[in-house]
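Trainee: These are the residues of each chain, in order.
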Amino acid sequence: MTTSAMDPATISGRTVARGHAPKKRSVGGTVGRTGVWIVLLVYALVSIIPMIWLLIAPSKTAEQLNNQSPFSFGTFANYGEAWNHLLTFQNGVIVQWLVNSVLYTVAIVAIACITAVLAGYALAATAIPLKRSLLIITLVAMIIPPVALVLPLFIEISNVQLFDTPAAVILTSSFYPFGVFLAYIYFSTSIPKDIYEAARMDGAGEFATLWRIALPLSKGLFGMLAFFSFSASWVNYFLPYVLLGSAENFTLPVGLGVLFSSTPALNPGNGAQQSVIGRPEIALAGLLLAVPILIVFLLSSRLLVRGVLAGSVKS
Amino acid sequence: MIAPYLVLLIAFGIVPVIVAAITSLEPSVINPGGGPLNYLQALQDFRFLPALGNVGVFLLLYVPSMLIVVALMSLLLDTVQGRWNVPLRLAYIVPASLTGATAVLVWYFLLEPTLSPYKDVLHALGITQGGQIWRAPNLAWIFALMAFFTGAGNWIVVQYGSLQSISDDILEAARIDGANAWQIGWRIKLPLIQKYIVYMGILVFAAGLQVFVEPQLISSSVYPGLASNWSLNQLSYSFAFQSNNLGGAAALSLMLLIVCLIGAVFVIFKTDFFEGAGVKEK
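Protein sequences, first through last, are from chains G and U.
The working numbering numbers the first residue of the first sequence as 1 and each following residue consecutively.
The working numbering numbers the first residue of the second sequence as 1 and each following residue consecutively.
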């Protein structure tokens, strides 16, 4: 994902020191050093234990989960078994949830990234009226947590008869002020202004400049925009929960909530006692939700650093 | 060029706020006259103060622990350069993939003494049944724990990134002056990344104020009713979908929104975080 364009200046406009000066840091001697390592390693362990547990949980039957050591592995066959059980739940509705989650997320990421790049470029490289006001509104919208707008969005969406449609979730989630700001910072710091000027001198219009000059230099930006919009929309719960009504439109996170409440796996008081949805099945459903995001996070951890602090640019 | 975004901004950023403002003044079952009384009634609802208290305790636990642990861990991580740095960072961001519904699921299992990976610890503490943990007085702690583990790792990596921006000259100068690692961390690095920490604090506070998924899922499926109307957002959800009081729901949502709005405006205009982003008046 790294392009040469990303290297000279990081997205935050700061130079990242690659490896510090020769290490002569005495951390209060060996004792302090050991202490630091213990803290770092214990925290790392605590961080990965839940994920490891979740990864191996569906390899065991419900009894094995109860009786065997938490980190013992069952069999690979049990993953298939648990999946088959999940398929029996409401005629395999989980497949629909998975498909919905993928489709909605792809649509959201596509719309969000394209609108963000266009707007970011317009704000950074072209003369548009009310630029400063637009920037401030975008910043405000970016800092306010999306959850805060869910109920107002519900009222609006019901008024325009979009309730319980995929479009309700896709459109509302495609509003991506954070992406606009990232693109704006990128286009104003990582690409020299002279390049835009030169293209214009040659008679290129704004779209041509964006298409031929700015976009080819922006692969890193696209990676970052896609990363953040994917990680927000794949796991989003509250918005689809409120904007969707029927099970066949649900996403995987909302469906997971339905699974929780319709099996006795988590609460014996719930649902049909003879349900085949037990703890391994619930764990497998959770895994389906967690693994894509885990993979994306591990592959793109660098983007996290650059993106979140993109606001603080050196002028 | 900016038009597609502008459409989304207006349709899903500005219009919902206006619609909510109008709705918040509409008549409802408990307030046939409509008007600003909706706001007062939302605040006077018997569930409002408990929910405010819950969220308040939750924030008191969650925000400071985020600030302290993230600052400390990122400083410690910064002392480890070389090949071990990357695996540590990767380990720290793993919990971020367990968010929302999955976080509830995983924490249900982690806190269930019969099958938790920490069951020995739980047994040692005399906890043999999930019911001993999942009690109303413990909820703020549990939800803070969930939110903390979901968010802290990513922020540690982010703040570690901000530490990388400190120039080596400054650190070298401090070392020559005889400062030890502890003093460099506390007196030099921490003040230099202060604005990033403040930024994080405000984002974390705004998100925490809106807590919804965890109590809602626990309450609607795992332990029915245990955390119903536990948070302010849940209460606003109840107004809308159970009490058929859309006016009250909109009023409460807007009040929460305004608190976040104040936070946002504070970050933009009162800190130097966005300095140079073209926001300040030249």
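Treat the hints as calculated values from the structure; they're not laboratory data.
Watch out, some of these pointers could steer you wrong.
[Unchecked claim] Keeping only pairs whose Cα atoms sit at most 27 angstroms apart, straight-line, the calculated BS3-like set for lysine-lysine is:
(1) U:Lys195 to U:Lys119
(2) G:Lys131 to U:Lys119
(3) U:Lys195 to G:Lys131
(4) G:Lys131 to G:Lys219
(5) G:Lys131 to G:Lys193
(6) G:Lys193 to G:Lys219
Trainee: Checking one constraint from the list: CA of Lys195 of chain U to CA of Lys131 of chain G, max 27 angstroms. Satisfied?
Mentor: 25 angstroms, holds
Trainee: Given the hinted pair Lys131 of chain G and Lys219 of chain G, is their Cα-Cα distance within 27 angstroms?
Mentor: Holds, because 25 angstroms separates the two Cα atoms, which is no more than 27 angstroms.
Trainee: If you draw a straight line from the CA of Lys193 of chain G to the CA of Lys219 of chain G, is it 27 angstroms or shorter?
Mentor: Measuring from Cα to Cα gives roughly 18 angstroms; hence the hint holds.
Trainee: Taking only the CA atoms, is the gap from Lys131 of chain G to Lys193 of chain G under or equal to 27 angstroms?
Mentor: Cα-Cα ~17 angstroms, so holds.
Trainee: Please work out if Lys195 of chain U and Lys119 of chain U have their alpha carbons no farther apart than 27 angstroms.
Mentor: 40 angstroms, violated
Trainee: Is it true that the CA of Lys131 of chain G sits at most 27 angstroms from the CA of Lys119 of chain U?
Mentor: 57 angstroms, violated
Hint compliance for this structure: hints 1, 2 are broken, all remaining hints hold.
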